[in-house]
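Novice: The chain contents come next:
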Amino acid sequence: MPGLAGRMSTVVKSKISRMLDRAEDPGETLDYGYQKQTELLQNVKKGIADVVTSKKRLQMQSSKLEQQVVKLDTQARQALAQGREDLARTALERKNLAQTELQSLDQQIKELESQQEQLTANEQRLRQKIEQFRTKKEVIKAQYSAAEAQVRIGEAANGVGEEMADLGLAMQRAEDKTEQMRARASAVEELEQAGAFDDITQLGSGQDDIDRQLSELTSGAQVDDELSKMKAELGSGEGGDQPALEQGEDKA
Amino acid sequence: MIVRISGEGQFRLPDEDADRLNELDNRAVSAVEEGDETGFQELWSQMLELVSSDGNAIDGDELVESDVILPPRDITFEEARGEFTGDGLIPD
Numbered sequence: 003m004p005g006l007a008g009r010m011s012t013v014v015k016s017k018i019s020r021m022l023d024r025a026e027d028p029g030e031t032l033d034y035g036y037q038k039q040t041e042l043l044q045n046v047k048k049g050i051a052d053v054v055t056s057k058k059r060l061q062m063q064s065s066k067l068e069q070q071v072v073k074l075d076t077q078a079r080q081a082l083a084q085g086r087e088d089l090a091r092t093a094l095e096r097k098n099l100a101q102t103e104l105q106s107l108d109q110q111i112k113e114l115e116s117q118q119e120q121l122t123a124n125e126q127r128l129r130q131k132i133e134q135f136r137t138k139k140e141v142i143k144a145q146y147s148a149a150e151a152q153v154r155i156g157e158a159a160n161g162v163g164e165e166m167a168d169l170g171l172a173m174q175r176a177e178d179k180t181e182q183m184r185a186r187a188s189a190v191e192e193l194e195q196a197g198a199f200d201d202i203t204q205l206g207s208g209q210d211d212i213d214r215q216l217s218e219l220t221s222g223a224q225v226d227d228e229l230s231k232m233k234a235e236l237g238s239g240e241g242g243d244q245p246a247l248e249q250g251e252d253k254a
Numbered sequence: 049m050i051v052r053i054s055g056e057g058q059f060r061l062p063d064e065d066a067d068r069l070n071e072l073d074n075r076a077v078s079a080v081e082e083g084d085e086t087g088f089q090e091l092w093s094q095m096l097e098l099v100s101s102d103g104n105a106i107d108g109d110e111l112v113e114s115d116v117i118l119p120p121r122d123i124t125f126e127e128a129r130g131e132f133t134g135d136g137l138i139p140d
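Going down the list, the sequences are from chains A and B. My numbering applies: residue 3 is where the first sequence begins, and numbers increase by one. My numbering applies: residue 49 is where the second sequence begins, and numbers increase by one.
Hints may be right or wrong, so weigh each one.
[Unchecked claim] Chain B residues, not near chain A, derived (Cβ > 10 Å throughout):
| no. | residue |
| --- | --- |
| 1 | Arg68 |
| 2 | Glu82 |
| 3 | Gly83 |
| 4 | Gln89 |
| 5 | Glu97 |
| 6 | Ser100 |
| 7 | Asp102 |
| 8 | Asn104 |
| 9 | Asp109 |
| 10 | Val112 |
| 11 | Ser114 |
[To be verified] Derived CB-CB ranges, DEER-like:
| no. | chain 1 | residue 1 | chain 2 | residue 2 | range |
| --- | --- | --- | --- | --- | --- |
| 12 | A | Arg129 | B | Gly83 | 16 to 22 Å |
| 13 | A | Asp88 | B | Phe125 | 16 to 22 Å |
| 14 | B | Ala66 | A | Lys112 | 46 to 52 Å |
Since the hints were made in silico from the structure, they are not lab data. This one's a predicted model, so the numbers in the text were calculated from it and none came from an experiment. Ideal placement from N, C-alpha and C gives every residue a C-beta, glycine not left out.
The following block holds chain B by itself, in its conformation from the complex (with noise of 0.2 Å):
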């Protein structure tokens, strides 16, 4: 599985972190929902350091296209908000 951290690049996971991944990724949403920004502190460094953690970065000269595309790693509860309202981090 193929991850990017917006803003810093691609790492190549074991298909098997997919789950742990979507997991929190889930309950990020929900703290979120739910204004708690703590909560989506915590997990957004979770998923972070997952990435670091089991993740190889991929070769500058590698052109391959992500499976996952995280936020910045320094995005703000503001910006997460922003993600489920408007546009997107990406306005079109």
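So that you can see chain A by itself, here it is in the shape it has in the complex (with noise of 0.2 Å):
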């Protein structure tokens, strides 16, 4: 069959007949197997970790972002009330650019979950077809010659070795996503570092540069509604400061 499918087939395939030659005693070949499969085992566990590792940096990223969000809406909120809207604005723009840091992370915390998942389920089967492959080739090297040996093991070692090919293919794919998160991860670590979510409370005097990449990076006109929204508000609170809203109607 040519194809996606065959293509699959043929690859998987040979790599196994390739472990399998490579031994000329059968329960030489048992052995080594058993050996193989216990070793992918422990990688799969080390593949885990990892997935875990990554998914725990973004997740701490993740809530320090959604802090900041809050934090800076407040700001951009008070410097509004004290009529400071270069301020604001400076503050928005911030909120903005944490808020859509925060979409992706989100998304990919999700991702890895799934990958995370996935590998454990495929550990679970993998634990299973191993144990079954130990029980058959301890009855197999006592109970029969070499030569039968190496036929009747052949079948269940390919069953075997397919499923550790397989889960080869699943570790390389969540290896590559998570190296795919690292890079986002440092990503948003270098915004950090560069100032690009500090509060406005932290800002010097020297921060023009961040600013201005700032409003190229955010969309202005999203920050313009925002800004506008945020007046009107304010505006509707009429007759001075927010102080006024918080003595509310009942008293303990």
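Both chains come to you apart, so use the hints to assemble them.
Specialist: As structure tokens, then:
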């Protein structure tokens, strides 16, 4: 069968037969196969741990950004209430950037989560197959002559070999994904270090460069919209400053 | 006929499905070659659908070789393209 399916089958099978060809003595083939299988299982565990680590790192960044979004929003309101539209705009630009990053981080966290689930399920399946293989290999070693054993084990070894090759593929994909996430996490960290998400109380006098870059990065229209919305909200409060709102109807 | 969906496991399908699967596969390959992503996704989900509607999952205790190995369910168009250039999904 040519095509997607055919190509995959051919690649996987050629690898397995190469593995089987390496050993001449069936007993050795069996033990070697079993050893390779358990090694792979260890690698899978490491792979899963890697995915979890990357996920945690992204989750930490995500909650940090979430706090920053709230803070910047509050500051924009305060700045506007004090008539500092320039500061309010800066805060909103930063908030927008943080929100965009936040969305993409959350998306990636979800992807890593499903990756983790899939690998865990694969690991359990392979563990079961390896156990099955171990039982079979002991029976075959004990009961059959070398020639017979070679034939008998071929099928089982191919079955478990295919499982191994397939898991290898799943691991490869998970690693690629994790690698992309790492790059992403580093990019966010760089922005963070450059002060792109700093709140406006931390702004010194020398921040013009970041601000210029930020206004290029974020959509001006969106910031304008948000700014006028905020103005309207503040305006509808009428009759002055916010503390007045706090004196509600019911007092304890 | 035994079909593996990579990353998921094996399924036993009636032999009659081989032709249908083969046909879908060939069309999927042409779609990839023509750069037709929508067409590819459509055919790919038909292939998966065929396996899940006609196939029975094979027990974890059974050690059998597959007749056909399908790529992972969430294969991207880019990855599918890679199958025809380079090393395929499993590099040497």
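Novice: Hints first: check each against the structure and report whether it holds.
Specialist: Do the hints match the structure? See the list:
1. Arg68: 12 Å, holds
2. Glu82: Consistent with the label, Glu82/B stays out of reach of chain A, its closest Cβ about 14 Å off (over 10 Å).
3. Gly83: With a cut-off of 10 Å, Gly83/B remains clear of chain A, as the shortest Cβ separation is near 15 Å.
4. Gln89: 13 Å, holds
5. Glu97: 15 Å, holds
6. Ser100: Answer for Ser100/B: holds, closest chain A Cβ roughly 16 Å.
7. Asp102: 15 Å, holds
8. Asn104: Holds: least Cβ distance 16 Å, greater than 10 Å.
9. Asp109: 5 Å, violated
10. Val112: 5 Å, violated
11. Ser114: 6 Å, violated
12. Arg129/A / Gly83/B: 16 to 22 Å: 41 Å, violated
13. Asp88/A / Phe125/B: 16 to 22 Å: 46 Å, violated
14. Ala66/B / Lys112/A: 46 to 52 Å: Since Ala66/B and Lys112/A have Cβ atoms about 36 Å apart, the given range 46 to 52 Å is violated.
Consistency with the previously given hints fails for numbers 9, 10, 11, 12, 13, 14, ordered from lowest to highest.
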